[in-house]
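All chains, please: the whole structure from these sequences, using the hints.
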Amino acid sequence: FAGDDAPRAVFPSIVGRPRHHGIMIGMGQKDSYVGDEAQ
Numbered sequence: 042f043a044g045d046d047a048p049r050a051v052f053p054s055i056v057g058r059p060r061h062h063g064i065m066i067g068m069g070q071k072d073s074y075v076g077d078e079a080q
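In this note's numbering, the protein residues as written are 42 to 80.
Treat the hints with caution; some may be incorrect.
[What the hints assert, rightly or not] Distance ranges between label pairs, derived from CB positions:
id, residue 1, residue 2, range
1, Asp72, Arg49, 32 to 40 Å
2, Asp72, Gly44, 39 to 47 Å
3, Asp46, Asp72, 32 to 40 Å
4, Ser73, Gly44, 34 to 42 Å
5, Asp77, Ala50, 13 to 21 Å
Since the hints were derived computationally from the structure, they do not count as laboratory data.
Every residue gets a Cβ at the ideal spot worked out from N, C-alpha and C, and that includes glycine.
This is the structure in structure tokens:
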């Protein structure tokens, strides 16, 4: 926070979008995936 040289906490975030719809069987039909679903 203010005055710190480095962040105290780091939260990695991954957002993914499928290139081809309908190919990923079992993942549902979403427009985007966040977190563990995107990996």
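We went through each hint and held it up to the structure:
In this structure the hint that Asp72 and Arg49 lie 32 to 40 Å apart at CB holds, the actual value being about 33 Å. Checked against the hint of 39 to 47 Å, the C-beta distance between Asp72 and Gly44 comes to roughly 40 Å, which is consistent with it. Here the CB-CB span from Asp46 to Asp72 is close to 39 Å, well matched to the stated 32 to 40 Å. Our hint of 34 to 42 Å for Ser73 and Gly44 holds, since their Cβ atoms are close to 36 Å apart.
Hint check: Asp77 to Ala50, Cβ distance near 19 Å, so the stated range 13 to 21 Å holds.
The structure shown violates none of the earlier numbered hints.
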